[in-house]
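> Sequence:
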Amino acid sequence: MRAGFVGLLAVVVVLMSVKYAAKIAKPGDTGQQTRSAFLRWREMVNGVFAGENIYVGRNEYPNPPIMAVLLRPFAALPPAAGALGWFYAKALLAALAVVWAFRLCRASGEQPGEPAPPQAGRERDAGGLTRSARLDLAKAAAIVVCLPALLGDLSHNNVNIFILFLVAATLEAFRRRLDTLAGLTLALAIACKVTPALFVAYFAWKRCWRALAASLAGLVLWLVVVPGAVFGFDRNRELMGDWYALMVERPLLKGEITTEHPNQAVTGFVYRLFTNSPSYITYLKTPEGDIPTPAEYHNLTDIGRPAAWVVVKALTALFALAVVVLCRAPVRGPTDPRHGWRVAAECGLICVGMLLFSERTWKHHAVVLLLPLAALAWAVAVANISRRVRIFVIGALGASFVLMAGPGLLGGRGADLALVYGTHTGAFVLLAAALCAVLGCREGRAHDLRRSTGGFGEPIPV
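Mapping of the sequence shown onto the numbering used here: residues 9 to 470, in sequence order.
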């Protein structure tokens, strides 16, 4: 069954690559090859190496200069070759992220190279499933629920799977107690996309000082040293300043909120539905660039932007409080385990926070849900949690899949309207609630490192 499922996924990826190759071969509305994110950014990546400033004027490249440095080997290729090369590279990175996510979920007796518990593979639950079969089903369920986001990002060919890979690599290094490597890898993820910075707060809360110090040193490396060596330090300082003005100053200091329907972050959801803010934007073509113009509104009421700001900050504080209260697994000591479903669930909660509390979150950003989905599915399969919590988690997984896959099945106007009302936001909230439920389960706290029960109450060793 396991080999068949992996084979099916491989076939899906190959078929998607054929479809993607056909898509990028067709010119866009402007007559140029722009029918994927990679092809749209390719001109900017090559432009910055030609001396252009890709953060001002008509250009608004969303990532710091280090991302352009990393994409340069692909952008330097012919358009189709570079796009397909990036597609297959991301497919490989996604596969590695899947492996590392499930390694993080394993408990002490399940680590590679260690003997399995004597009866672990043969004990059955009330439904007749062995523990091994339950875990196989859990892995398949996590991948299937995450599949719409993974396939969507492969088709869109943006950088989100790369960010997932860096986050998973950070946690794999952390699991192996390679704290310096974990910090440097996390810093690269932050330098490419700001939201993984939530893990800096997580490492600080866990008092993992070496990982924290390496993260801070890594930010200097990836934001200053490496791009400075490539572009020159004066030019890199100019580029970083313009990127900061575009992606940090405008939303955080000037209050420019992205309320268009693709934004599934809490900020976009609250302002779109509860203030007089546009859910659709059209762009007027001018010689100076595209000018955004409000086109449609779908707000349910108008509480005012100051009140919306308070709501967003209150929800952010509530999430931070949940992390402080629930993320209590010891990981600092030399004998403290850095794996198991509880540690994975804590890291998964941080990943959900990356999506909920970003300034803007598109549906393809949800690829990082692989980590929380793996933790939840693993907990359902083997953790000693109450039946009520288990049923809630299963329901949350199923509902999240429907909410995230539904817009794609609707297509066109229906898909856009689904995003207007926050289908993905709802999925993120459900998964956050499920993670809080399993982390708050007292039975799980008492037994997750020694013995656990199967899905129907049969005790099984972990």
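If you're looking for bench data, these hints aren't it; they were derived computationally from the structure.
A portion of the hints provided could be inaccurate.
[As the list claims (entries may be wrong)] List time: in silico BS3-like cross-link candidates among lysine-lysine, alpha-carbon distance up to 30 Å:
id, residue 1, residue 2
1, Lys293, Lys262
2, Lys31, Lys293
3, Lys34, Lys293
4, Lys262, Lys321
Model, not experiment: these values are computed from the prediction.
> Confirm or reject each hint.
Hint by hint, here is what the structure shows:
1. For the given pair, Lys293 sits about 25 Å from Lys262 by alpha-carbon distance, which is consistent with the 30 Å threshold.
2. Restraint check for Lys31 and Lys293: satisfied, since their Cα atoms lie roughly 25 Å apart, inside the 30 Å limit.
3. The straight-line distance between the Cα atoms of Lys34 and Lys293 is roughly 22 Å, inside the 30 Å bound, and the hint therefore holds.
4. Between the alpha carbons of Lys262 and Lys321 the distance comes to roughly 16 Å, so the proposed pair stays at or under 30 Å and holds.
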